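K.L.:
Taken in order, these protein sequences are the chains called L and B.
Every letter in the first sequence is one number past the one before it in full-length UniProt numbering, and letter 207, counting from 1, is 207.
Every letter in the second sequence is one number past the one before it in full-length UniProt numbering, and letter 17, counting from 1, is 17.
These are computed hints drawn from the structure, not numbers from a lab.
There may be inaccurate statements among the hints.
[To be verified] In the BS3-like style, the derived pairs of lysine-lysine whose C-alpha atoms are separated by at most 27 Å in a straight line are:
hint	chain 1	residue 1	chain 2	residue 2
1	L	Lys-292	B	Lys-227
2	L	Lys-241	B	Lys-2
3	L	Lys-292	B	Lys-124
4	L	Lys-234	B	Lys-315
[Stated by the list, open to error] With the C-beta cut set under 8 Å, the calculated list includes, among others, these residues of chain B facing chain L:
hint	residue
5	Val-21
6	Arg-241
7	Gly-244
8	Ser-287
9	Val-299
10	Lys-314
[To be verified] Derived, one-sided and incomplete: chain B residues facing chain L with beta-carbon distance under 8 Å:
hint	residue
11	Phe-13
12	Thr-14
13	Val-16
14	Phe-24
15	Gln-28
16	Leu-121
17	Tyr-125
18	Phe-214
19	Met-238
20	Ser-242
21	Arg-243
22	Ile-303
23	Phe-306
24	Ala-310
25	Val-317
26	Asp-320
Owing to the predicted nature of the structure, the values given are computational and were not obtained by experimental measurement.
Glycine included, every Cβ here is placed at the ideal spot set by N, Cα and C.
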Amino acid sequence: MAHFTKAKNLHDWLNQRLAIDTLNRVLATEYWIPKNINFLWAMGMILAITFGLLLVSGIFLLMYYQPNIDLAFDSVNYTIMQEVGYGWLWRHVHGVAASVVFLIIYIHMFTGIYYGSYKNGREMIWISGMLLFVAFSAEAFSGYMLPWGQMSYWAGMVITNLFAGGSLHADGLVEWIRGDYVPAQAFLNRFFMLHVLLIPLAIIGLIGLHFGALRIPHVNNQDGEEIDFDAEAKKYLAGDKANSKVIRFMNDFLAKDMMVVGIFLILFFYLVFYHYDFAMDPVNFDPADGLKTPAHIYPEWYFLWSYEILRPFSTDVGLIAFAFAQVIFFLLPFLDKSPNAVPASRRGLFKYWFWAMLIDMIILTAMGKVPPEGVFSTIGLYAALTFIGLWIILPFITKFEKKV
Amino acid sequence: MKELFILAVVTVFTLVTYYLVEPFAHSQMHKHIESEGFAYKDLPALTKKGDATRGKDLVMGAGACTGCHSIEVAGLPAPMDPVTAAQSYGVNPPDLSNAGVVFDAKFLAALIKNPAHALMLEHKYNEKSGASYPMSQFYGAGGDMDQEVADMVAYLQSIAVKKEELTPNMAFEVACGRCHAIHYPYNLDGKLHAPWTQIGEKPTFKHKQDELAFETKVLDYQDALTKYLGTLPPDLSMYIRSRGEHYIKTFVEDPQAYLKGTAMPRVGVTAEAADKVIEHLENVGDSKRHKREEIGKYVMIYIIIFAIFAILWKKEVWRDLH
Numbered sequence: 001m002a003h004f005t006k007a008k009n010l011h012d013w014l015n016q017r018l019a020i021d022t023l024n025r026v027l028a029t030e031y032w033i034p035k036n037i038n039f040l041w042a043m044g045m046i047l048a049i050t051f052g053l054l055l056v057s058g059i060f061l062l063m064y065y066q067p068n069i070d071l072a073f074d075s076v077n078y079t080i081m082q083e084v085g086y087g088w089l090w091r092h093v094h095g096v097a098a099s100v101v102f103l104i105i106y107i108h109m110f111t112g113i114y115y116g117s118y119k120n121g122r123e124m125i126w127i128s129g130m131l132l133f134v135a136f137s138a139e140a141f142s143g144y145m146l147p148w149g150q151m152s153y154w155a156g157m158v159i160t161n162l163f164a165g166g167s168l169h170a171d172g173l174v175e176w177i178r179g180d181y182v183p184a185q186a187f188l189n190r191f192f193m194l195h196v197l198l199i200p201l202a203i204i205g206l207i208g209l210h211f212g213a214l215r216i217p218h219v220n221n222q223d224g225e226e227i228d229f230d231a232e233a234k235k236y237l238a239g240d241k242a243n244s245k246v247i248r249f250m251n252d253f254l255a256k257d258m259m260v261v262g263i264f265l266i267l268f269f270y271l272v273f274y275h276y277d278f279a280m281d282p283v284n285f286d287p288a289d290g291l292k293t294p295a296h297i298y299p300e301w302y303f304l305w306s307y308e309i310l311r312p313f314s315t316d317v318g319l320i321a322f323a324f325a326q327v328i329f330f331l332l333p334f335l336d337k338s339p340n341a342v343p344a345s346r347r348g349l350f351k352y353w354f355w356a357m358l359i360d361m362i363i364l365t366a367m368g369k370v371p372p373e374g375v376f377s378t379i380g381l382y383a384a385l386t387f388i389g390l391w392i393i394l395p396f397i398t399k400f401e402k403k404v
Numbered sequence: 001m002k003e004l005f006i007l008a009v010v011t012v013f014t015l016v017t018y019y020l021v022e023p024f025a026h027s028q029m030h031k032h033i034e035s036e037g038f039a040y041k042d043l044p045a046l047t048k049k050g051d052a053t054r055g056k057d058l059v060m061g062a063g064a065c066t067g068c069h070s071i072e073v074a075g076l077p078a079p080m081d082p083v084t085a086a087q088s089y090g091v092n093p094p095d096l097s098n099a100g101v102v103f104d105a106k107f108l109a110a111l112i113k114n115p116a117h118a119l120m121l122e123h124k125y126n127e128k129s130g131a132s133y134p135m136s137q138f139y140g141a142g143g144d145m146d147q148e149v150a151d152m153v154a155y156l157q158s159i160a161v162k163k164e165e166l167t168p169n170m171a172f173e174v175a176c177g178r179c180h181a182i183h184y185p186y187n188l189d190g191k192l193h194a195p196w197t198q199i200g201e202k203p204t205f206k207h208k209q210d211e212l213a214f215e216t217k218v219l220d221y222q223d224a225l226t227k228y229l230g231t232l233p234p235d236l237s238m239y240i241r242s243r244g245e246h247y248i249k250t251f252v253e254d255p256q257a258y259l260k261g262t263a264m265p266r267v268g269v270t271a272e273a274a275d276k277v278i279e280h281l282e283n284v285g286d287s288k289r290h291k292r293e294e295i296g297k298y299v300m301i302y303i304i305i306f307a308i309f310a311i312l313w314k315k316e317v318w319r320d321l322h
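All chains, full assembly: derive it from the sequences and hints.
P.N.:
And the structure:
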């Protein structure tokens, strides 16, 4: 047993039992961050704050939401939006945050890709981040079912149908997932449980893993410079802050994080109060009707790119392409054969690969929403083929990259 | 400087994506229909000045309006209860007390002369189909027909409440309320109003039996309406969010422009009455809008101050780091 002495004060009492000074040092004051990183590295903090907003607003919504197919729609649109004090505020915070969190995730992902932050020892950061992306996707989808509007119902129908596996006709599997032949009460209860318990738990665990994965390789920096963190930290602690290449997480980088968060929150609350409808599909304000198919069925904007990879092909080929799109980002650290973890602008053909991928995903996103007719189908098909092609050529174009 | 450049790149890509997914995609999915401002240009202008006194005689007599319509303000009750009326005509003929303020004068005149034409229902009621619109057309009382119609319109306008007195839910009841229900109660001036059914506001009942009797009447009415229109018109509780103001306004102006062949008639409301209907739908489906805007201001001020302090803190901390 450890040696305990009579505590001088509360801090000392806690310190003897929980080692709070050590924790504070390791997690905050001597968690070293490179100095040369820009505001894009604050996206992690924005995501953490947004997740916090989702969690808190979600808890309030949970108090009044009814997971029953006859009551769900009105419990959201009438009880929460109109009867409960400030229910409208929590709902709009939740709805806007659910959409904005994906925008920030995509910026966070493309930042990682641009600066090569998935390479040379940082593979686990990337993989745990991709697991978080998948968990957030499942969380968003299950949450979208809950208001039981027209798009909830029909998106639920379309997405669960994917599990039939095209020609495999695994209809039994689809029915097992739904607990019924069509999305109905069992389906709603299951997705409710997934949305409020199982997936959030997984997300919290994964956030822990993602943060943990950063400890040893440290975060990358915008010059791709390999920093000797111990030597630089010594310099900092000796008082030469200006010449040290590293800074403390707290308060040094935290101050910058909070500055970016502050500016982000201006945009966020502007959306919540004055443009909340950007995140909510009007079709979902019609109650679910299993007898009336909407003219166009499409997912929320953040899933459109992968939906569009599914759509232009025949069923089986489409499903294979879709599965490819879901897993391929996980393999990025292994498909990128270059020895460099530097910004794309200083690399060879990868420079063009990055921008081509970004633009291609925006085109896929746009084509995923418009009706698949005429020129839009053609553009969608070529964009989907480009997406697959870009991933196939990635190992080849990076293999011959010289060390910079 | 470099960070501002990066911010600009991120912003541009975000806005392009937003533009493509929202305004662009919606322009491709839904054709845009411009409102003509409730001018009803296809209907002939009123050339005669109406005389309300003569109009009253026509409405009560030769015009035969009161055979089917009630005029509560003139002390004329409905000849049938709403359910029986709907079973006879398909839908309950409206009370005419406020028709003169809710409906456009040109539209009313055209409606009296040729209902199927004014309502844009000629695809359903024509010589070929053999069906005639339940409201019979006015063939004139023997004098100048345009003058007679103008007199009747003048009478309806004279008994209606003034424009300023028309409340949002009155406009809704007259224009939409005989076909569309709204199952959300709504607050107005501190009073909670009951849900609207096609036969009126649902009263509070002491006994379950009376409530069931009322609900049976609503169902009977809805059955008649469904038979008449081919489908039960949707509940409008959330229409302000699911369709939005622009859609609702242009839809009531010309339903055929959106849904060719629909049984939904052109409503014929004035621009002011249309605004009142929208206001009613907002009271029902978006009742916290004023609170949202009021609180939004304070939150924005708070968050801007927070951001300023965050920027100052960053400057303070980083002074030593450079």
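K.L.:
Each hint should be assessed against the structure and marked as holding or not.
P.N.:
Structure-based check of all given hints:
1. Lys-292/L / Lys-227/B: holds (19 Å)
2. Lys-241/L / Lys-2/B: Between Lys-241/L and Lys-2/B the Cα gap is close to 22 Å, so the pair holds against 27 Å.
3. Lys-292/L / Lys-124/B: Status holds; Cα separation ~23 Å.
4. Lys-234/L / Lys-315/B: holds (24 Å)
5. Val-21: holds (5 Å)
6. Arg-241: Constraint on Arg-241/B satisfied, holds at 4 Å.
7. Gly-244: Holds. Min distance 7 Å.
8. Ser-287: holds (5 Å)
9. Val-299: holds (5 Å)
10. Lys-314: Status holds, d = 4 Å.
11. Phe-13: Hint on Phe-13/B: holds, closest Cβ of chain L at ~7 Å, below 8 Å.
12. Thr-14: holds (7 Å)
13. Val-16: holds (6 Å)
14. Phe-24: holds (7 Å)
15. Gln-28: Interface hint status for Gln-28/B: holds (5 Å vs cutoff 8 Å).
16. Leu-121: At 23 Å from the nearest chain L Cβ, Leu-121/B fails the 8 Å test, so the hint is violated.
17. Tyr-125: Tyr-125/B check fails; min Cβ-Cβ to chain L is 26 Å, beyond 8 Å.
18. Phe-214: violated (20 Å)
19. Met-238: With a closest approach of 5 Å, the Met-238/B hint holds.
20. Ser-242: holds (4 Å)
21. Arg-243: holds (7 Å)
22. Ile-303: holds (5 Å)
23. Phe-306: Given a least distance of 5 Å, the restraint on Phe-306/B holds.
24. Ala-310: Because about 4 Å separates Ala-310/B from the closest Cβ in chain L, which is inside the 8 Å limit, the hint holds.
25. Val-317: holds (4 Å)
26. Asp-320: Interface hint status for Asp-320/B: holds (5 Å vs cutoff 8 Å).
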